[in-house]
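If you want the building blocks of each chain, they are given just below.
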Amino acid sequence: MDAFTTHTGVGVPLRRSNVDTDQIIPAVYLKRVTRDGFEDGLFSAWRNDPTFVLNDPSYSGGSVLVAGPDFGTGSSREHAVWALQNYGFRVVISARFADIFRGNSGKAGLLAAQVDEKVVQRLWDYLADQPGASITVDLETRTVRAGEGPDAIEDSFDIDDYTRWRLLEGLDDIGITLGHADDIDSYESTRPSWKPATIKS
Amino acid sequence: MGRTLSEKVWDEHVVRSSEGEPDLLYIDLHLIHEVTSPQAFDGLRLNGRTVRRPDLTLATEDHNVPTLDWDKPIADPVSKTQVDTLRKNAADFGVRLHPLGDVEQGIVHVVGPQLGLTQPGMTIVCGDSHTSTHGAFGAIAFGIGTSEVEHVLATQTLMQAKPKTMAVTIDNSLPEGVTAKDMVLSLIAHTGTGGGQGYIVEYRGQAIEELSMEGRMTVCNMSIEWGAKAGLIAPDQTTFDYIEGRPEAPSGAEWDAAVAHWKSLVTDPDAVFDKEIVLDASEMTPFVTWGTNPGQGVPLGASVPFPEQYENAEDRIAAEKALEYMGLEAGTPMREVKVDTVFVGSCTNGRIEDLRLAAEIIEGHTVDADTRLLVVPGSVRVRLQAQEEGLDKIFIAAGAEWRGAGCSMCLGMNPDTLEPGERSASTSNRNFEGRQGKGGRTHLVSIPVAAATAIRGTLSSPADLTPATTGSN
Numbered sequence: 095m096d097a098f099t100t101h102t103g104v105g106v107p108l109r110r111s112n113v114d115t116d117q118i119i120p121a122v123y124l125k126r127v128t129r130d131g132f133e134d135g136l137f138s139a140w141r142n143d144p145t146f147v148l149n150d151p152s153y154s155g156g157s158v159l160v161a162g163p164d165f166g167t168g169s170s171r172e173h174a175v176w177a178l179q180n181y182g183f184r185v186v187i188s189a190r191f192a193d194i195f196r197g198n199s200g201k202a203g204l205l206a207a208q209v210d211e212k213v214v215q216r217l218w219d220y221l222a223d224q225p226g227a228s229i230t231v232d233l234e235t236r237t238v239r240a241g242e243g244p245d246a247i248e249d250s251f252d253i254d255d256y257t258r259w260r261l262l263e264g265l266d267d268i269g270i271t272l273g274h275a276d277d278i279d280s281y282e283s284t285r286p287s288w289k290p291a292t293i294k295s
Numbered sequence: 042m043g044r045t046l047s048e049k050v051w052d053e054h055v056v057r058s059s060e061g062e063p064d065l066l067y068i069d070l071h072l073i074h075e076v077t078s079p080q081a082f083d084g085l086r087l088n089g090r091t092v093r094r095p096d097l098t099l100a101t102e103d104h105n106v107p108t109l110d111w112d113k114p115i116a117d118p119v120s121k122t123q124v125d126t127l128r129k130n131a132a133d134f135g136v137r138l139h140p141l142g143d144v145e146q147g148i149v150h151v152v153g154p155q156l157g158l159t160q161p162g163m164t165i166v167c168g169d170s171h172t173s174t175h176g177a178f179g180a181i182a183f184g185i186g187t188s189e190v191e192h193v194l195a196t197q198t199l200m201q202a203k204p205k206t207m208a209v210t211i212d213n214s215l216p217e218g219v220t221a222k223d224m225v226l227s228l229i230a231h232t233g234t235g236g237g238q239g240y241i242v243e244y245r246g247q248a249i250e251e252l253s254m255e256g257r258m259t260v261c262n263m264s265i266e267w268g269a270k271a272g273l274i275a276p277d278q279t280t281f282d283y284i285e286g287r288p289e290a291p292s293g294a295e296w297d298a299a300v301a302h303w304k305s306l307v308t309d310p311d312a313v314f315d316k317e318i319v320l321d322a323s324e325m326t327p328f329v330t331w332g333t334n335p336g337q338g339v340p341l342g343a344s345v346p347f348p349e350q351y352e353n354a355e356d357r358i359a360a361e362k363a364l365e366y367m368g369l370e371a372g373t374p375m376r377e378v379k380v381d382t383v384f385v386g387s388c389t390n391g392r393i394e395d396l397r398l399a400a401e402i403i404e405g406h407t408v409d410a411d412t413r414l415l416v417v418p419g420s421v422r423v424r425l426q427a428q429e430e431g432l433d434k435i436f437i438a439a440g441a442e443w444r445g446a447g448c449s450m451c452l453g454m455n456p457d458t459l460e461p462g463e464r465s466a467s468t469s470n471r472n473f474e475g476r477q478g479k480g481g482r483t484h485l486v487s488i489p490v491a492a493a494t495a496i497r498g499t500l501s502s503p504a505d506l507t508p509a510t511t512g513s514n
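For the protein sequence lines, the chains are A and B, in the order given. Read the first sequence against our numbering and you will find it ends at 295, with the numbers running on by one and no gaps. Read the second sequence against our numbering and you will find it ends at 514, with the numbers running on by one and no gaps.
Do not rely on the hints blindly, as some may be mistaken.
Pairwise CB distance ranges (calculated) [as the list claims (entries may be wrong)]:
no., chain 1, residue 1, chain 2, residue 2, range
1, B, Glu-401, A, Asp-279, 51 to 61 Å
2, A, Asp-245, B, Asp-309, 33 to 43 Å
3, B, Ser-59, A, Thr-145, 43 to 53 Å
4, A, Ser-250, B, Thr-91, 34 to 44 Å
5, A, Asp-143, B, Lys-121, 55 to 65 Å
Just so you know, these hints were derived from the structure itself, not from any lab. These numbers were taken from a predicted model, which means no experiment stands behind them. Note that the Cβ used here is the ideal one computed from N, Cα and C, for glycine as well.
One chain only, chain A, in its complex shape:
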């Protein structure tokens, strides 16, 4: 996984709450056995609507999605994170993320930045005023910044310490855990014999 420190990119306002993972990528697109190519399914139903924000050329090349609360609810499909990444998004900003989506983002290297609802509203207003404007997301300082002068937006975002550290370092979880193989061995030696097994020894 590539390390993530700070990112500046075009902000895309997605003025919807409860964006579930079936909207991010419908099941019919989940049949690939690779991790790439999922951008064609991203918000596929909504992209048929010419007024949908991703069809607005002002936001082309967008890489920071600003969405309503409860983003990523529903299915556990990590394909939702891959679809956003494959399309070019590096960051999603929302007031509330579904647990599994947030977890998947952290593993795959997409930054899920949780901010106060008022910050989302200010970013939406700002992007409506200045379509194509950039947002900076600084993981070192946990800060979201946009605009200049007296109306500039600067606020903090939440992300748990451990995920922040892993993203900053670009670390692979499995490698870290395999470093604790002795602990796993010793735990296994204490498991009761009546616990079920799928294959009998």
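Keeping the supplied structure of chain A fixed, place chain B upon it in accordance with the hints.
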């Protein structure tokens, strides 16, 4: 201070705990299906890693598979590739697989409990959000993404921050004809889709204790629909009776040791939950959704809500968008909503008890001429059991389609889908836009509502039916 049930199960699985880091949690059972696993196995190959515990791993094919012609090669070449990939991965890494055509094949969350692999006090994960189903046995069970699937394959552990705890107490008894599904839909309408976020929920109270294992699975299954990390129910005699004698259940002295331990898996009287919700089961009625998330529901006797009645602007906008998508007028009585297709099945309501209840209501009636009824058993075993009991004949005589086992119309990933604009009453778990097929409109319902709706063609409960004309007794 005492501990809650979920804290006890959690603590028993902590391999390693360190300040400022998530706990390293041991996983007792890892369930796998074709959709969320291929990239994980690829990751293992790329890094030269193996599956640490194939003997704690089980794979089956469910999301992609057709429910007709299951004895022929899968027609959709992309689905076939995904299923073939699972078969190759299972063979290469020594994982037990129940493929299409096998007597143990079915929806992964129906197969685990049915085999007796799902037991109290376990940690169970799967790359599927409805893994919460297994919580009905007093297990901590939750859905994970593909990166985590790879992590579990390689290490049999997961890094997890300990969630907060919540108690949902459902007092009193459910009225006659009101089911576990109505209970959980009422709960989600009460909490909203984000109400459980960050919590492991313990369902308790008289109405929960009175549920069968099937009913408990229905409730726990939909924990994810209100955002909970997991949902679980303390094991009791109902649980032990369900497990005893199943193929992978312990027996003899091992059974006694297991039950002795399982009996300790209850929340201590002095334990404190971070949050509590109390609902009264006796006030619950058949409950249906009108919108495009599982929290947008009302009693069947109510009408489609007016967006203006929502104080919160976001809820109002969401309601407006949902009504537009669903093609519904505010103020329309739910009972006047006409449906095209009724789907009975899924990991929420595709078990034998569900099919028995549906057959009991449908027997002697005919499916409405303009309505299609699809009955899809959750597993091959459920299908065979239903056939042994003659339920298939009741469904077929009424004009229903009797299908093979799989996820079917729950998710629009296999040939069973809605057409654009088509409306369903569905016993599944999600009414998201396009969930059952692009442009499809879904109303989530219980088994009795599904059965009565199939007969009348409009959203109905069994109380709306005129007595059957041709009973079979």
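Hints versus structure:
1. B:Glu-401 / A:Asp-279: 51 to 61 Å: 52 Å, holds
2. A:Asp-245 / B:Asp-309: 33 to 43 Å: Taking Cβ atoms as reference, Asp-245 of chain A and Asp-309 of chain B lie about 54 Å apart, which means the hint is violated.
3. B:Ser-59 / A:Thr-145: 43 to 53 Å: 50 Å, holds
4. A:Ser-250 / B:Thr-91: 34 to 44 Å: 42 Å, holds
5. A:Asp-143 / B:Lys-121: 55 to 65 Å: This hint is violated: roughly 32 Å between Cβ atoms.
The structure fails hints 2 and 5 (numbered hints given earlier, in ascending order).
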